[in-house]
Amino acid sequence: MNQSYDYIEVKIPAKTDFIGVIRLTLSGIASRLGFSYDEIEDLKIAASEACTNAVQHAYREDDKGEVKIGFGLYEDRLEVMVSDSGKSCNFDEVRQGLGRYENGQNVEFLREGGLGLYLIDTLMDDVKIHQNEGVTVFMTKFLEGEQVEMDAKTLST
Amino acid sequence: MNITIDVQDINSRVEIQVKGEIDAYTAPKLRETLFPLSEQENISMVVDLSDVSYMDSTGLGVFVGLFKSVRSHNGEFRLVGLSERLRRLFDITGLAEIIDINSDAEGGLK
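These protein sequences, in sequence, are chains A and B. Per full-length UniProt numbering: the first sequence = residues 1 to 157. Per full-length UniProt numbering: the second sequence = residues 1 to 110.
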């Protein structure tokens with residue numbers, strides 16, 4: 001699956017102030033690729049969640065540092081990579097607090113955080129998390145229309 | 001890319017109109033503004049989200065916190081004016097079954 005792709009990269013200071021800038025950038029890129037309104041909104045949430053995690057977890061102690069966001073633009077999909085090069089946090093630990101709320105949970109014990117990774121998982125088609133120097137979240141969303149178009153082409157031949 | 005919070009405090013009923021984007025940058029302001037109000041006894045808190053153009057898990061976290069606080073002070077907490085997008089966020093996280101987001105018909109803010 002070695003396709004050529006365009007690559008766009010943005011670096012922001014590890015501050016929540018600039019997560020909105022990433023959403024704007026992403027909107028532009030995703031609409032250029034032909035994603036629908038709802039898909040773009042899903043992408044914005046997933047990318048923001050990854051940026052929020054990168055900013056909040058990796059730089060809890062000193063707020064110097066950067067978050068790098070890379071966009072891989074393919075004909076049939078968009079790949080978004082969010083990486084912090086700072087201290088790593090244990091994503092397995094974070095993951096354990098993951099998941100949707102279940103009805104019947106006692107109000108007192110409702111979590112107030114930990115939904116970020118769950119949303120990324122739910123809203124994207126494929127998610128990988130790498131942990132080496134820092135943490136990198138690698139997520140993919142396929143163009144739905146593309147799949148349909150390809151089917152249509154196959155049918156007509 | 002900012003947030004405006006309008007609070008109308010009438011006796012034990014607080015109506016809040018939020019406008020803008022709720023993310024990791026704006027959520028602290030939302031929490032700081034609304035949390036003290038949630039600690040009044042028997043309060044009825046209604047938050048109108050019809051002008052919220054974006055929200056993610058940080059916003060959900062704030063509302064879960066407010067909901068818990070209001071409930072622990074014997075109050076009532078409702079969210080009204082949710083767009084399809086926001087509604088979906090509450091649905092996929094399971095919060096739609098816990099927090100009241102469906103009472104617009106019974107007299108939301110507008």
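Some hints could be false.
[Stated by the list, open to error] Over the 10 Å line for every Cβ pair with chain A, so calculated as not near, a few chain B residues: (1) V7; (2) E32; (3) P36; (4) L37; (5) E39; (6) N42; (7) S44; (8) D51; (9) S57; (10) T58; (11) V64; (12) G81; (13) T93; (14) S103.
[Said to hold, decoys possible] The calculated DSS-like cross-link candidates involving lysine-lysine, where the alpha carbons are at most 25 Å apart (straight line), are: (15) B:K68 to B:K19; (16) A:K15 to A:K128; (17) B:K68 to A:K68; (18) A:K64 to B:K19; (19) A:K15 to B:K68.
Note that these hints are calculated values from the structure, not bench results. Glycine residues also receive a C-beta, built at the ideal position from the N, C-alpha and C atoms.
Against the structure, the hints:
With a least CB separation of 21 Å from chain A, V7 (chain B) remains clear of the 10 Å interface cut-off, as annotated. Under the 10 Å C-beta cut-off, the non-interface status given to E32 (chain B) relative to chain A holds; the minimum distance is some 14 Å. With a closest Cβ-Cβ approach of about 17 Å to chain A, P36 (chain B) is found to remain outside the 10 Å limit, as its non-interface label requires. Against chain A, the non-interface label of L37 (chain B) holds: every CB pair exceeds 10 Å, the least being about 17 Å.
With a minimum CB-CB distance of about 15 Å to chain A, E39 (chain B) clears the 10 Å threshold, and the non-interface call stands. In this structure N42 (chain B) is separated from chain A by more than 10 Å, as the shortest Cβ-Cβ distance comes to about 16 Å. With a least CB separation of 17 Å from chain A, S44 (chain B) remains clear of the 10 Å interface cut-off, as annotated. The Cβ of D51 (chain B) sits about 16 Å from the closest Cβ of chain A, beyond the 10 Å cut-off, so the non-interface label holds.
Its beta-carbon lying about 4 Å from the closest one in chain A, S57 (chain B) breaks the requirement of being farther than 10 Å from that chain. Distance check on T58 (chain B): its Cβ comes as close as 6 Å (rounded) to a Cβ of chain A, failing to clear the 10 Å threshold; non-interface status is violated. Here V64 (chain B) does not stay apart from chain A, with its beta-carbon only about 5 Å from theirs, under the 10 Å limit. Chain A leaves G81 (chain B) outside its interface by the beta-carbon criterion, the shortest separation being 17 Å against a cut-off of 10 Å.
A beta-carbon of chain A comes within 10 Å of the beta-carbon of T93 (chain B); the shortest separation is about 5 Å. No beta-carbon of chain A comes within 10 Å of the beta-carbon of S103 (chain B); the shortest separation is about 17 Å. For the proposed pair K68 (chain B) and K19 (chain B), the alpha carbon gap of about 23 Å is at most 25 Å, so the pair holds. This hinted pair checks out: K15 (chain A) and K128 (chain A) have alpha carbons roughly 23 Å apart, not beyond 25 Å.
The hinted pair formed by K68 (chain B) and K68 (chain A) fails the criterion: a straight-line CA distance of about 36 Å is larger than 25 Å. For the given pair, K64 (chain A) sits about 31 Å from K19 (chain B) by alpha-carbon distance, which is inconsistent with the 25 Å threshold. A hinted pair counts as satisfied when its Cα atoms are at most 25 Å apart, and K15 (chain A) with K68 (chain B) does not qualify at roughly 28 Å.
Hints 9, 10, 11, 13, 17, 18 and 19 from the list above are not met by this structure, while the remaining hints are.
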